[in-house]
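Engineer: The chain contents come next:
2 protein chains.
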Amino acid sequence: MKLYNLSRVKLNNINPADITISIYGLGKMGLPLAGVFAKHNFKVIGVDINKKTVDSINKGINPVIEEKGLSSLIRKVTKTGFLKATTDGVEASKTSDIKIIIIPIYLDDKNNPDLSLLKDVVKKIGTGLQKGDIVILESTAPANTTLQVIGKMLEKISNLKLNKDFGLAHCPERISSQTAIKDIEGRLCPKIVGGSDLKTTRIAEYLYKKINKRDVISVQNPTVAELVKIWGEVYRDVNIAFANTLYLSCKELGVDAFEVINAANTNPYCRILTPGPGVGGHCIPVYPYFILKENTNNLLLNLSRQINDSMSTHVIYLAKEALKEKNIPLKDANILILGIAYRAGVKEVRKSPGIKIALELNSLSKTVYVNDPQFSKEDIEKLGFKYKEDFTKIDCIIITTGEKAFKKINWSMVKTQVKTKIVIDTKNIINKKALSNLGFVTKRIGYAK
Amino acid sequence: MKLYNLSRVKLNNINPADITISIYGLGKMGLPLAGVFAKHNFKVIGVDINKKTVDSINKGINPVIEEKGLSSLIRKVTKTGFLKATTDGVEASKTSDIKIIIIPIYLDDKNNPDLSLLKDVVKKIGTGLQKGDIVILESTAPANTTLQVIGKMLEKISNLKLNKDFGLAHCPERISSQTAIKDIEGRLCPKIVGGSDLKTTRIAEYLYKKINKRDVISVQNPTVAELVKIWGEVYRDVNIAFANTLYLSCKELGVDAFEVINAANTNPYCRILTPGPGVGGHCIPVYPYFILKENTNNLLLNLSRQINDSMSTHVIYLAKEALKEKNIPLKDANILILGIAYRAGVKEVRKSPGIKIALELNSLSKTVYVNDPQFSKEDIEKLGFKYKEDFTKIDCIIITTGEKAFKKINWSMVKTQVKTKIVIDTKNIINKKALSNLGFVTKRIGYAK
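Protein chains in written order, with the numbering used here: chain A, 159 to 607; chain B, 159 to 607.
A portion of the hints provided could be inaccurate.
Copies of the same chain are indistinguishable here, so a pair counts whether it falls within one copy or spans any two.
[Stated by the list, open to error] Simulated crosslink set (BS3-like; lysine-lysine; CA at most 27 Å straight-line):
(1) Lys357 to Lys607
(2) Lys540 to Lys591
(3) Lys524 to Lys573
(4) Lys242 to Lys577
(5) Lys590 to Lys268
(6) Lys340 to Lys237
Honestly, the hints are just simulated from the structure, not real lab data.
Predicted model, so just to flag it, every value in this text is computed and none were measured.
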């Protein structure tokens, strides 16, 4: 059912089953979204260019996206018929009333946002676009992408007029890996919606109120919604840079940053974040560039990016200092990096500090080995690194994620395997005293020693 | 009673009335502290170099420190005899068991911390220092001031040995003007205490547990306590710089920053602060320099200071833009600054944005007038500004604090008085629509327009 020209009263009486939603992008964020809409009785057409993904979903099988509750959800909603998948984006656009785009937007080598994938999708949607349709962007995107890029493309391709024939909204995802389904349903955050006009905003409100049990908050237009998402992430980048600055400063004064942070945060107006080996993932290290390229007030963002990016060099400095205490030059050392995911519990390496550290060490040390319980030997070798299952020959262990398995390491056993007893802990998970008693030299981010 | 060598068990059985505390500095923070200790039955000797202040207190009269509940507290504790005041710092040191320093530490012209006042006080305390005494610094101070400056001075002057004959602690005040008494008693924050040794820390815990009903948190040493206080304030400076950056960036894109901030903050992990005309007061704009001078990791702090300091220039830019719309060059304009306090409700001008803006405008505009309900005509003239009670001749009104009186301004009346109808609102207190209807040109920090 076409919604764009419905009155508010009629809108609220519509049965979800009368609305067909196509969802473009069946990745780690898109598939949970498709599943949740289908669970709430919307007719959902999932669209993806990957035929294997589509075929798997149509068989009711999660195409190996590691996400809690997703496999059973997909099984259920394909069985009831509320979710179908296809590779045909044009046909899906033709047969759906609402089209939601939820594909990641990456950066190119020069940190410019790469909109090519997005534009491919918009072309397909535009080709199938009909009067009364609604198009929603959920992907986090540079400011003005929704109106200036998608809106203009859709008008040109479809020969329809925005805010007359069809509506456009930005409703940014606020999803974390591992809690995606719950996040979509409002675990932590209300949904933010910004339509190209009031009618579209109202439809977006209707839609997301059906699935987000917390709340739906509407903003003036899609650009505001874009900025809400971007600045929320940039906030974290700047505050992590602040925590890293605090740590480096405290270290110079011989003080443990964690003690300062914990005590300062007893003031309810103070919420200092945690220092670490850098910031990885699809969001925090990426979205500052969605603003940096847009305007001139970027000194603080630029500097914060630089501070967080340079933490990998600091980790290597810690390793070098520890090796010096054992009279081993870095160039002669065998290093084992524990953790190449960008954070614990996920099998994703985008902008991961572990990889950054490994790459930098490749040319500085003798050999760099890698282990991460989220990745198999094959995975790690495919990424171009040397896999290691034990600790033999190792001069220095660097922990870069807070994996459960790393917290449970039996250091008495490790002691018998390693060549040199050194641990660099960037995630505050080791017991320094216990390791010192075993003869390990340790260095830790967040502490003076 | 000398506490330094008492056991923990004995300490907990001591009656406050057996302990004499001298408190150095009876200003807006020191006098409430003296009052609260006296209220909890400690014998308190208040010390100040100002004889008028001391005489007034000894008569039971608050020496005009504007602080809620302070006058009645002083009346009460002088009547019971638990608070006495003196100008004789050496004698007060001789007759007290615990000496607390709570005087402000300012910056000199080059933003170097000026410790001269502090050293004067320490000299007096040192001269009267006896075995078993405890000295506590409550003033926020540059890192290492407690141990390296006060500790060394006390040892030299008294010929006593720190951590053998006497103890030293930093227990930073976490007090805001207008809520000082409640803050001391733990309205928001637990007390942070860091002693030069464990014995001293334990005594500080005993002492502050008597008055802070929230909690007392002990840290490893005085330097950690110094850093806790400094970084807590620097956190605010950096996050205000972030909010200002966000605002300036959103403005370029034609978006209201407040809408973005409010929506982003619906994520419980996001707590973006409020943009404004700069940061004033004794704390936030001062304490970054307590770190900046101490070590090299200062880029983020330096930049944040610069961003916040430059907001006054942005306010003048807004005034210029508004005047341009009325075809008035800034150099021909009569400006009225509403607010010279550093924030609403206080009669204090230290580092106030209103004053900074007024001074910058002095050479750029025709005449600058000032009004602030916290200050009389005489006060304002003493500060070197032209006082104005009405709105006649005015071309541009700039609001720099959120005073209640400014929120209640009758703009229909103002309209009949001013020469040109322009309002620059840096504190988000006007109703833009209402003022536009009255014919005012308005510019607001936090909004695109």
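Engineer: Look at each hint and say if it fits the structure.
Structural biologist: Structure-based check of all given hints:
When the C-alpha separation of lysine 357 and lysine 607 is checked against a cutoff of 27 Å, the pair qualifies only between copies, where the shortest distance is 25 Å, while the shortest distance within a copy is 59 Å. Neither within a single protomer nor between protomers do lysine 540 and lysine 591 lie at most 27 Å apart by alpha-carbon distance, with minima of 37 Å and 61 Å respectively. Only within a single protomer do lysine 524 and lysine 573 lie at most 27 Å apart by alpha-carbon distance; the minimum there is 21 Å, versus 77 Å between protomers. Proximity of lysine 242 to lysine 577 under the C-alpha cut-off of 27 Å is found in neither arrangement, the shortest distances being 55 Å within a copy and 68 Å between copies.
Taking CA atoms no more than 27 Å apart as the test, lysine 590 paired with lysine 268 passes in neither setting, with 40 Å inside one copy and 42 Å between copies. In this assembly of identical chains, lysine 340 and lysine 237 lie within 27 Å of each other by CA distance solely inside one copy; the values are 21 Å within and 62 Å between copies.
In summary, the structure is inconsistent with hints 2, 4 and 5 from the numbered list given earlier, while agreeing with the others.
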